[in-house]
Amino acid sequence: MLNLTPKEITERSALRINPAKTCQPVGAMYAALGVHRCMPHSHGSQGCCSYHRTYLTRHFKDPAIASSSSFTEGASVFGGGSNLKTAVKNIFDIYKPDIIAVHTTCLSETIGDDVGAFIQDMDIEDGKYVVHCHTPSYVGSHITGYGNMIAGFIKYLSKSTGKSNGRLNVIPGFVNPGDMRELKRILELMNINFIMLPDTSGVLDAPMLGSYVMYPPGGTTIENIEAMGDSPLTLALGELTCETPANELKRKCGVDYKCLPLPMGVEATDQFLMELSSFSGREIPYALEEERGQLMDILLDAYPYFHGRKVAIYGDPDTVLGITSLVLEMGMIPKYVITGTPGEAFTEKAEEMFARYEVTDCKAKASADLFELHQWIKNERVDLLIGGSHGKQIAKAEDIPIVRAGFPILDRYVHSYMPLVGYRGAIRLVELILNALMDRQDRDCADEDLEMVM
Amino acid sequence: MKAQGVLLEERRNFIHHKGSCGGNTIQCDTESVSGAVSQRACVYCGARVVLNPITDAFHIVHGPIGCASYTWDIRGSLSSGAEWYRNSFSTDLTEQDVIFGGEKRLWEALEEVARAHAPKVIFVYATCIVGVIGDDVRAVCKKAEEKFGIRVIPVMAPGFAGHKAIGYRMACNAIMELISKAPAGRKRRKGVNILGDFNLAGEMWIIKNYLEEMGIEVVSKITGDASCDELMHAPEASLNIVQCAGSMTYLAKRMEEDMGIPYIKVSFFGLEDTAQSLLNIAQALGDGEAESRAHLLIARETHELKDLIQKSKEALSGKRAAIYVGGGFKAISLIKQFREIGMETVVVGTQTGKKEDYDIIHLLVNEGTVVLDDANPAELEHFIKEKQAHILVGGVKERPLAYKLGVAFLDHNHERRHPLAGFVGIKNFIKEINLSVNSPVWQYVR
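Read top to bottom, the protein sequences are chains A and B.
Position one of the first sequence corresponds to residue 1 (my numbering), numbered consecutively onward.
Position one of the second sequence corresponds to residue 1001 (my numbering), numbered consecutively onward.
Please keep in mind that the hints were generated in silico from the structure rather than gathered at the bench.
As the structure is a computational prediction, the values presented were derived from the model and not from experiment.
You may find that some hints are simply not true.
As the list claims (entries may be wrong) - Simulated pairs of lysine to any residue, SDA-like, Cα-Cα distance not exceeding 25 Å:
#1 B:K1354 x B:N1173
#2 B:K1319 x A:L209
#3 A:K96 x B:L1405
Claimed, not checked - Not everything, but these chain B residues come out facing chain A in the computed CB check (under 10 Å):
#4 L1106
#5 I1129
#6 W1205
Backbone N, C-alpha and C define an ideal beta-carbon position, used for all residues, glycine too.
My request is simple: use the sequences and hints to build the entire structure.
Here's what the structure looks like:
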């Protein structure tokens, strides 16, 4: 291929090569897995469901369950209403979830299935729920689908009783269970009573205890999703991912919201903690001050190894912006910053950061793909790649070290358990970056230059 | 046997216990039940996995991005030449295209590929919504063939048009469409085509080496490590040997009808099937010299494996296996292969097995073995536990299930780490089972 990518960039308007995104339903499926005792349901052909489960399983190395309406020729002509009805009955009978979260696919959207009406016509047992959202695969990306599914839960379940419960709603961006765990740890250190939706920790990083449970103990409870309507505030972490659901809750229950960047790196984590502090009226505890101080310490100790180095970052918009923010704080140059997800807000935010840190000759692009990134790199190299597994082909072809961060990571283990958010997440990412760069230095240097102390 | 609360009533006829009443007939080769957590994929998936290993073809997925991104470089099929197939090309349809039709975008995408990369063959996969929005993919492809002077072959693979096996058929049609335009008048050669091996971990090369040692030429490889030029020679072969019967028997039949090339089914999994297949090929070609060379090869390789198999029998004898794989032919080989090392198969299922496959399975397995078609994780869990299997053989979706159940696992799908075909594959098969069954981790799992 690996080196077949031509250096010369030719105009492409219709052809997508080596995407840096995938389609909405997989994001919806991921969100639904973050609700306790929930069965995600794919209303479309069988392949969609199978692909999404496979994709999630490959990233999380854990079973990802979901059911499918299993469309046939008939359903695609006459509509999938009866398929959905049969499916819902079968799912409750056999898999016994408390809630089924239906998302659509390109097929069911294109033939015009009115899933909301189908659900209204169903007899659903008391205490059981069926919710849905629209996730046409030809709009946005998996990031859009993630937000849409969260909004779907809120739309169906959240209620306002008129009496504040004093709790803080947190909508985490499209992040790993390890990140959700870290966010919860920070919230607990801040002594805040919160509701997090979704929460895939304890589901997609469930322990091996010698038996298979279809619904592991993790996930946001239905009760808590209902209670979100009585919270005074929602924090939407990931401005380009989580505004849709936060806005839905505002619309339905009048809960105010603030969109924050994913708390990655120093500044964004500071901002997150300040918001938490202002919500609770409490000081930031020493435990978190200590972690921040450790991060500062590390950045000072190791700066000669990363300062001024050029890096290409690719993946999901908020994750890429978060990493960009951290590398700028480290004094690195985010030479190329791309996402496959469409939306010019991404480019604007990235360029704002470039301007603020006065780095020049950096490029940001939404709706981009990895083929184009590869061509840019062929024209002007970088020292490091940061992103998911699909960048490994570029890394190998160009002999550039790669740090795996984001989604999907199909070729490594453990990542889903570990955070990138918070000061601890930043410390981890700094370590990964340092190891990649310093291992490379050791590998490439002449024998007489091999340093024992670095 | 009753498994109350575990099985959907509609699923009962898809599951069978050998020895129970109700005859030997298992329901299979039908659509999945709505709402089932099926492990199966769709028509497009079937077509894509079969064609994707053609290394120098450009595979353009016409549809929204998902279908392309989920199938980007995941097959693990190796190439000795071109690497274009490892890139992901698609039209990445947007809402505008869905409203106004995607033909224009497809045309532009074809132009862009033709202009920048000078491909020999382009396969265009039509996904679920393409037909629904009214795109005439065939017409666009035809026009592109005329304009660019290259082959542009439509693969009609809307996901809803059945399951994976229908997709295999669509892929076979596309291959026929390609090779039927081979220049006329080329002479028949004595060699064979290998059908239905996808060169996972280099398995195609292993088979090819055996045949070459027997003095048999491999004319073309379909589709593991295939190139477009080599495929065009396929009509010259004297015999087709079909390894993955589920996906390629249809192509073999069409080539027999249209080109007069007879075929035989083979399997290179396990000692018995590998040896028998080599002999069958020599016999089908009527090549006595090849047959005696095959005998020598088999004797040499079997001798080399003797100690290992004996040792494995001691270590693994009495252990129980569960099998859940794509096609029936592989399941059949695996049952025999487990038996060769003293292991019993207690659960066996396939995603797309045919009735004739299940008939053979039924003859092979012991009383009480559970046979199931298109199983879901709940069923697999139930029967793995009930039958106390020690190891599960399957693919990516089954792996974490096995581990959560505390059962060892062997990947016999796209993610296999080592070749499992041929004699060397037997070594790897045993090694992988040992690694998984005897991992020190199991001591700590409570």
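Fill in: Hints that the structure is at odds with (numbers, increasing)
6
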